[in-house]
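Q: Chains as they are written, first to last, in the working numbering: chain A, 1 to 185; chain B, 1 to 185.
Keep in mind that a hint or two might mislead.
Facing chain A, from chain B, some residues (calculated, C-beta under 10 Å) [to be verified]:
#1 Tyr167
#2 Gln168
#3 Leu180
#4 Lys185
Keeping only pairs whose Cα atoms sit at most 30 Å apart, straight-line, the calculated DSBU-like set for lysine-lysine is [to be verified]:
#5 B/Lys55 / B/Lys76
#6 A/Lys36 / B/Lys3
#7 B/Lys3 / A/Lys89
#8 A/Lys3 / B/Lys185
#9 B/Lys161 / A/Lys3
#10 A/Lys36 / A/Lys76
#11 A/Lys68 / A/Lys55
#12 A/Lys3 / B/Lys3
#13 B/Lys184 / B/Lys85
#14 A/Lys120 / B/Lys3
#15 A/Lys3 / B/Lys184
#16 A/Lys184 / B/Lys3
#17 B/Lys120 / A/Lys3
#18 A/Lys61 / A/Lys85
#19 B/Lys85 / B/Lys68
#20 B/Lys36 / A/Lys3
#21 B/Lys89 / A/Lys3
#22 B/Lys3 / A/Lys185
#23 B/Lys3 / A/Lys161
Treat the hints as calculated values from the structure; they're not laboratory data. Don't be surprised by glycine CBs; every beta carbon is placed ideally from N, CA and C.
Number of protein chains: 2
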Amino acid sequence: MLKSALNFSHELLDEIVVEGDFVVDATMGRGNDTLKLARLVGESGRVLAFDVQVKAFEQTKFRLEEAKVLERVCLKLEGHENVGKYLEKNIRAAIFNLGYLPGSDKSVITRAQTTIRAVKSLMEHLCSGGRIILVVYHGHSGGSVEKNALLEFMDEISPEKFQVLQYQFVNQENSPPFLLAIEKK
Amino acid sequence: MLKSALNFSHELLDEIVVEGDFVVDATMGRGNDTLKLARLVGESGRVLAFDVQVKAFEQTKFRLEEAKVLERVCLKLEGHENVGKYLEKNIRAAIFNLGYLPGSDKSVITRAQTTIRAVKSLMEHLCSGGRIILVVYHGHSGGSVEKNALLEFMDEISPEKFQVLQYQFVNQENSPPFLLAIEKK
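Please model the entire structure based on the sequences and the hints provided.
A: Here's what the structure looks like:
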């Protein structure tokens, strides 16, 4: 089966993240990607992870403790638009799952302005060959506004410095998520 | 590095085509994909390959002979819109490289009407899990007409029976090729 945008995002991480890397999970959510990244970077690597919701923070912390990898992760209960202040060295990868936290308040959603601010900060601190990956859920109220602003932003990224890939299913109903990947040359 | 549309097309073939399969190269061109498919299907498999240009036909035949795989391939010096009459059993995969033959007459190009006719025939004979992959070069004269017609066609494919993936770089100059993949459920 052709990979879903979510599965393809994991493949794009697996291809580049190695032991000792510094990476960012911009949207903890249920902690899936935070845990995945913590395993990929190993004991000597570091993950910086963000979420504005206590529920996401607590659930992610619990899962990392359970997997005995919490010490590799720095969890921030704040918006990812503040990521710049924590980036002392370059990152190999960052991942976003945009939209709302499944099973939670659907009015708490990621928004174009803060998402793009975070992406810009991450682009300034990306290793050569590093990737910023966004899985864009946009079927909810407010989702298409963020989607359109993001696509406009991607279109204007310098082709000299970055490649930008879009991976999407085009004939499906119910607005399936699509993927954007920014890779530094 | 993120895979180019061309490299990704090869990955999508590698994932599904196995020894003994029946597959189609709808555009021989320089024979790259015909040769690749002949190797993937092995001695017991069959490749059916099309091109309207003698130069493409001859070059592909020469490469297959050289690689000692010609007997697995049925080469047709005719348009891929006729593929239906040769499809007695279901195919695992088909590939198109749309545009013109590199290093040849740029006025001889693939066109939406015949491309779509071929795709429709192939869709009727696709195995479950089988894929029709199109690498769409569209920077040449006439390329955008074919591109737009194809995207419209893809958009209307039944989501119950098929998934349609689009894989494209969004911030590059010079109209880089993009990929479309139709997978039967």
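Q: Which of the listed hints are not met by the structure?
A: Per hint list: zero violations.
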